[in-house]
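Each step along the sequence shown adds one to the number in the numbering used here, with nothing skipped, and position 19 is 19.
The hints are simulated quantities; they were obtained by calculation from the structure and are not laboratory data. Mixed in with the good hints there might be a few duds.
[Stated by the list, open to error] Ranges between beta-carbon positions, derived for each pair: (1) 87 x 38: 15 to 23 Å; (2) 26 x 56: 18 to 26 Å; (3) 25 x 54: 28 to 36 Å; (4) 37 x 70: 16 to 24 Å; (5) 52 x 78: 13 to 21 Å; (6) 45 x 81: 24 to 32 Å; (7) 87 x 22: 14 to 22 Å; (8) 46 x 81: 15 to 23 Å; (9) 66 x 32: 31 to 39 Å; (10) 24 x 82: 13 to 21 Å; (11) 24 x 81: 20 to 28 Å.
[Unchecked claim] Taking lysine to any residue and the SDA-like style, the derived pairs with C-alpha atoms no more than 25 Å apart in a straight line are: (12) 44 x 34; (13) 59 x 72; (14) 59 x 84; (15) 58 x 33; (16) 59 x 35.
Beta carbons are placed, not taken as given, at the ideal position from N, Cα and C, and that holds for glycine.
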Amino acid sequence: MLAVILSLFLLFPSTKAENVITTGTTLKVLVGTTMVSIDNLVIKSGATLNNSGTFILKKNLTNENASPNNVGSGTVELSGTVSQNITG
Numbered sequence: 001m002l003a004v005i006l007s008l009f010l011l012f013p014s015t016k017a018e019n020v021i022t023t024g025t026t027l028k029v030l031v032g033t034t035m036v037s038i039d040n041l042v043i044k045s046g047a048t049l050n051n052s053g054t055f056i057l058k059k060n061l062t063n064e065n066a067s068p069n070n071v072g073s074g075t076v077e078l079s080g081t082v083s084q085n086i087t088g
């Protein structure tokens, strides 16, 4: 099994995906912690980001919830190297 996983990393070294918080899921960033998203962050309908710490976004944020939701009392930092978008 380990050999298969290592082979995949060797064959696809630059594979990446968006960060997605799926429906029915809550992602918590606790007080005193920092989370960094180096790719797009998508909050699916019915999902929640509960941020009490520091959340650093390097790319875009998309909120697919029908109504706006609170992302918590923590800090959200936009620190990408190009223009970033917040949609939803």
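To see whether the hints hold, each was checked on the structure:
no.: 1; hint: 87 x 38: 15 to 23 Å; verdict: 19 Å, holds
no.: 2; hint: 26 x 56: 18 to 26 Å; verdict: 19 Å, holds
no.: 3; hint: 25 x 54: 28 to 36 Å; verdict: 20 Å, violated
no.: 4; hint: 37 x 70: 16 to 24 Å; verdict: 18 Å, holds
no.: 5; hint: 52 x 78: 13 to 21 Å; verdict: 18 Å, holds
no.: 6; hint: 45 x 81: 24 to 32 Å; verdict: 30 Å, holds
no.: 7; hint: 87 x 22: 14 to 22 Å; verdict: 18 Å, holds
no.: 8; hint: 46 x 81: 15 to 23 Å; verdict: 32 Å, violated
no.: 9; hint: 66 x 32: 31 to 39 Å; verdict: 32 Å, holds
no.: 10; hint: 24 x 82: 13 to 21 Å; verdict: 32 Å, violated
no.: 11; hint: 24 x 81: 20 to 28 Å; verdict: 33 Å, violated
no.: 12; hint: 44 x 34; verdict: 22 Å, holds
no.: 13; hint: 59 x 72; verdict: 20 Å, holds
no.: 14; hint: 59 x 84; verdict: 6 Å, holds
no.: 15; hint: 58 x 33; verdict: 17 Å, holds
no.: 16; hint: 59 x 35; verdict: 13 Å, holds
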